[in-house]
Structure formats: structure tokens, C-alpha cells
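**Q** Chain residues, written in single-letter form:
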Amino acid sequence: MLSVCITKQRGAFHLDVRFDSPTPGVVALFGPSGCGKTTTVNILAGLLRPDRGRLSLDDTVLYDADSRIEVPAEKRRIGYVFQDARLFPHLNVAGNLRFAERRAARAGGIGFDHVVGMLNLQPLMTRRVHQLSGGERQRAAIGRALLTQPRLLLLDEPLASLDRDRREEVLPYLETLRDELAIPMVYVSHRFDEVLRLATHIVLMRSGGVAAQGGIGTISLDRRLRAMIGPDAVGAVVDGTVIGREPSSGLLRVRIGAGELQVNAASPPGTTLRVQLLARDIIVATQKPQFLSVRNQLQGIVTAVEDDGAADLISIDVGTDAEGGRGPSILARITKAATRELALAPTKPVWALVKSVAVRGVTSGGYRHE
Amino acid sequence: MIWLSPEESEALGLSLSVAIRSVAISVPAAVGVAWLLTRRRFLGHTLLDAMVHLPLVLPPVAVGYALLLLFGARGPLGAWLKSAFGIQLIFTRNGAALATAVMSFPLMVRAIRISLESIDRGLEDAARTLGAGAIDRFATVTVPLMLPGLLAGAITAFSAALGEFGAVITFVSNIPGETRTLPLALYSALQEPGAEHAAARLAVLSVTLGLAGLLVSEWFARRVRRMLGR
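Quick note, the sequences are listed as chains A and B, same order. According to our numbering, the first sequence holds residues 1 to 370 in order. According to our numbering, the second sequence holds residues 1 to 230 in order.
If you are wondering where the hints come from, they were derived from the structure by calculation, not from laboratory data. Cβ atoms here follow ideal geometry from the backbone N, Cα and C, with glycine treated the same way. Among the hints, a few may not be true.
If you anchor each label on the Cβ, the simulated ranges turn out as follows [said to hold, decoys possible]:
| id | chain 1 | residue 1 | chain 2 | residue 2 | range |
| --- | --- | --- | --- | --- | --- |
| 1 | B | L214 | A | E168 | 22 to 32 Å |
| 2 | A | D51 | B | A139 | 56 to 66 Å |
| 3 | B | V204 | A | Q122 | 53 to 63 Å |
| 4 | A | A227 | B | R223 | 50 to 60 Å |
| 5 | B | F42 | A | D222 | 30 to 40 Å |
| 6 | B | R223 | A | R49 | 37 to 47 Å |
| 7 | A | R49 | B | E218 | 38 to 48 Å |
| 8 | B | R41 | A | A310 | 56 to 66 Å |
| 9 | B | R223 | A | P22 | 47 to 57 Å |
| 10 | A | D51 | B | R41 | 39 to 49 Å |
| 11 | B | H53 | A | P22 | 50 to 60 Å |
| 12 | A | R49 | B | A221 | 33 to 43 Å |
| 13 | B | L214 | A | R206 | 50 to 60 Å |
Taking beta-carbon pairs under 10 Å as the criterion, some of the chain B residues facing chain A (in silico) [to be verified]:
| id | residue |
| --- | --- |
| 14 | A126 |
| 15 | T129 |
| 16 | R137 |
| 17 | T140 |
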């Protein structure tokens, strides 16, 4: 468990951040620029001292104002990947990696060759920092942070300075990191698509405070998130289990709650597939539809009807199984007229027709999303 | 050096020896002072800054006189050094090195300060998160990154030390073979009737030495910049 409860005044800006996130796992600090994400991460790293509060990671207290505990940054064993990489310009890539390796608090853990192989750094070893592309810099910086054998890895918008292609080049490495190493991570981003691919737990930040926090499924339904990402990006994020391949269509069958979706992806049975069902792509029916081209249908029960400006957002629990437990929910955006005509209200059984499913990441068996 | 007279090569060798000693004394002190002035705020900050720059605005003779008062046989520091360590600075080449070090100190501090100020503090923070403590960070990140300024400062100070006159002659006098460096030899030649030819030779030697110093400094700076990828 990473437990954060700190306050800090910087000029007119007041930071008051409290959250707990499970370890190992990836907690994303998500919010607009200037909301205090980087300040929070600097406090976690020990580069900035909070005014008050407490920080702990599993059973180690890193900072406690009341009992005057403050582990200095160089003793925290927290790896930090900065937005601007901050590789040492007077050393080449190998030199940067060795700098970290020599100062690692313990031997063993992740080996030098393992890190080099995992991040594909071998071709870069003799290069100087100014001879690296943005993506290569970030990979080297990630490798350097890993070689300190950190018990927590902080990533402050590591992809922000990269263009789209470079981002796509680095993201798979971050996914590998999450799935292969059991190092807890704090991932700072203002891009929701990155958060979706990497995070297990989300802390929504707004103007120096925490607006909401929780697992990705819960937060994807949170009204405070909607205001941050805009109506077109609103939709439930659900982690489903791959159960096999449909022989006739070649599509992958994924169990979602009590139902099943067929998606165009490749992943072995048993793995977890994270899918995003955008609210604008869901059609609601009150009877089992027939004679339709839409193949993906989920049966569920309306749990809430919310006014969302021009339209209504309908929450549908699609997980109610034989035992009657509550499962994952999805969101549908429909017109207010449709809400009236279908008489949609909580406890009403409905069918949700899914026009498209976006696959937002795959995790192998070794690691489980919440 | 077959084309130099024994007196000339003696003066040249002495100049080089004094300049090397001078730089060796002032580099560590200048790094410390530059670090204090850029990274620390303390009472007397402005005063220290002014003290460091004083030799730039004082007549060199006044600096030499001040050294004489402090390090002379009856001066407080001079008497102590003599009784405690048997070190005598006055009338020696070590004294000449001290005088030139004091005179070129502001140049060195300025060069190091500029390069310290240009260092991205974020790199030192990065070193912290990699487990490097204060001394470790200073030695393995700060010093290599300020190397261009340090080298430029050292070479400029070295060249200035070769030419220092007023403070040297006031503090350690003009003793052949001990404190008669190139500029002092040049001055002596000019005092001597009929030694214009000797004076001209010494002047050409000084110009050549100064020029070489500047060229080497430029070459070093370029190399280090390339190493740091700037």
C-alpha cells in the first residue's frame, strides 16, 4: 500500500493530497496541467519537503511530520523518470546506467543485462545523450531508474515530450515493466489514453487536491472524470477475461460481467483484456433485439439515470450473475426523449447494444488488473 | 631551448613554475568560493563577493603591500607559518605564486561561477534519486558539468599569472633565479642601459607564451563542449 497524506503551500498554490493505492500496481495521477501532479511526485521522491503529513510505502515510513521522520531522497530507493529524462550529458548511456547500478542499495533484483534487454538499450550503450531521440532518452532514463533497484517507480509524464509515433514506441516498454516486474509505479499524465493502458488505480487531481480516486472501472464511471475528458471520451472501462476464439468469425470472445463481447484482438485465453465502451457507442433496448447487425449485446439492469446536459447518461449493471452480485457497469448516452419513451429508471432490465469496442491494453497472466 | 640565453630560460622556467603553483593553490579555493556564492545565501555573502573581486580594482602594488603586511617576517600569518611549519613566503617563488594566485582569483571565480550557474539543477536532483549523497553528487555530477568553466578559468588564470608584475615585485622582490619571472626580467632589462635587444626578446617571448595560452584554452573549451554535446 502506498499511503499519501500531505499538504504544501507554494505561494498562492495550496496542495492537499490524500490517497491510498494498492501495491504492486500502477496508480495514475491524472489531471490538467498545474493541478499539482509533479509537485506531489517530487514530494514522494523526497526532492521537496511537504509542510505537514505522512508518506508511507508498505511498512516503511518515508515522511512523518509528527514524529519528525524524513528519509532523504538519496536513501528512499524510489526511482524517478523525469519528463525531460535528465540523463547525465557527460556520460554515455552505459555510463548513465552504471551510475545507477553502482549506487543501488542492494545487489540482485533486476540485473543489468535484464534491464538492457527488456528496454532494448544494447544499440544505444556507447551513445551520448545528445545523440539519442526523445524516445530513446526516455527508455535509457527508465533503465537507469530501474537499476537503482527501486521499491517504487515514479514516472512524471515520461511521454509528454514525445510525438505520437515515439509515444507508441515507448508505451509497450512501460506495459512490459508493469507486467514483468512487481514494482509499484506512480504514473503522472494528463492524457487519459495513456492512463487507460497502464493504470490499475486512478487518482483524479484538480487544483491541488484529489477529486476522486479508485480502481479504473469505478473512476471511468465517475462524473468528475467526465468534466476532465470531454463527452466524446466518456465511457466505461472494463477488464474482461479472454475465453477463446469464435471459429466462424475469428473474433476473440471476452467475458464481461455476466455477458460476453466479441472483439477483434489477439490474446491467449485466460489473459485480461481491458476494453473501453464509449457511452456514445451504446444503444439501449428494453427488449432483446432481433434482426440487427450489431452482434455485441449485453444484458443488464439500469442503476442510474443522470442528466448530462443535452443528453442523459444511463448506468447499466451488466454483471448481475446467478449469485446476484453486482458486476461491472457501463454507461450509455441517449437522448432525453429516448429516456422518456423507454421509461428508463433504476431497476429496469435492458439490453445494451455495443457498436464498437476499443481494446485498451492486454495483460498477461502474471499480473492482474483490479 | 638552445635559442634562449640562460637568463631567459631561467625566467621562463620560473614563470611557468610560479604560474602552475598559483593555479594549483587557487583552483580548489575558487571552486569552494564560487560554490558558496552561487549555492548558499548567508550573512556576509555580499562582503565575500566584494572581497573576491577586490584585486580586480586595486592597484597590484597595493595587493602586494597587503600580502607583505600579512605574510612578511613580522606579519601575523607570516610569523605563524614560519614558527609552525618553517615556511617562508616572502622573497620565495611560493610567495610569488601566492601573489599571482590572489591577483587572478577573481577571474577564476567568475569563470567557475558562470558555469555553476548554467548547470541544470535537475541533473543533481536526478543524481539524488539515484542514491548519490551530497559529496558524491558534487564529485560525479557537478564538477564534470562545470569542467568547461573550470578549465577556461584555470587557463586564463595561468596566463594572467605568467604576466603578473606589481604584486609579485612588491611582495617577493626581484631576485634572479627565485622570483625574477618573465615580466620582472623584462622590467630589469629595461632599467639597464643598452639592454634594449634583451628587452625586445623577452617581450616577444611573453607575447608567444600568452598567445599559446589563449589558443590552448580555446582548443580545450571546444573539446569539452563537444564532449558534453553542446
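**Q** For each hint, tell me whether it holds in the structure or not.
**A** Hints and how they fare:
1. Distance hint check for L214/B and E168/A: the Cβ-Cβ separation is about 51 Å, which falls outside the suggested range of 22 to 32 Å.
2. As the Cβ distance of D51/A to A139/B is approximately 33 Å, the hint placing it in 56 to 66 Å is violated.
3. At roughly 57 Å, the beta carbons of V204/B and Q122/A sit within the given window of 53 to 63 Å.
4. A hinted range of 50 to 60 Å for the beta carbons of A227/A and R223/B is consistent with their spacing of about 55 Å.
5. Our hint of 30 to 40 Å for F42/B and D222/A is violated, since their Cβ atoms are close to 50 Å apart.
6. As the Cβ distance of R223/B to R49/A is approximately 40 Å, the hint placing it in 37 to 47 Å holds.
7. For R49/A and E218/B, the Cβ-Cβ distance of about 44 Å falls inside the hinted range of 38 to 48 Å, so the restraint holds.
8. At roughly 57 Å, the beta-carbon separation of R41/B and A310/A lies within the given 56 to 66 Å, and the hint holds.
9. Roughly 52 Å separates the CB atoms of R223/B and P22/A, a value that falls within the hinted 47 to 57 Å.
10. One distance hint, 39 to 49 Å for the beta-carbon pair D51/A and R41/B, is violated here, with the actual separation near 21 Å.
11. The beta-carbon spacing between H53/B and P22/A, approximately 58 Å, falls within the hinted interval of 50 to 60 Å.
12. Taking 33 to 43 Å as the suggested C-beta distance range, the pair R49/A and A221/B conforms, at roughly 38 Å.
13. Under the hint 50 to 60 Å, the C-beta atoms of L214/B and R206/A, about 58 Å apart, fit the expected range.
14. The restraint placing A126/B at the interface with chain A holds, with a minimum CB-CB distance near 4 Å, inside the 10 Å limit.
15. The interface hint given for T129/B holds, since its Cβ lies 4 Å from the closest Cβ of chain A, which is under the 10 Å cut-off.
16. Because the beta carbon of R137/B sits about 8 Å from the nearest beta carbon in chain A, less than 10 Å, this interface hint is met.
17. Among the interface hints, the one on T140/B holds; its C-beta lies about 7 Å from the nearest C-beta in chain A, closer than the 10 Å criterion.
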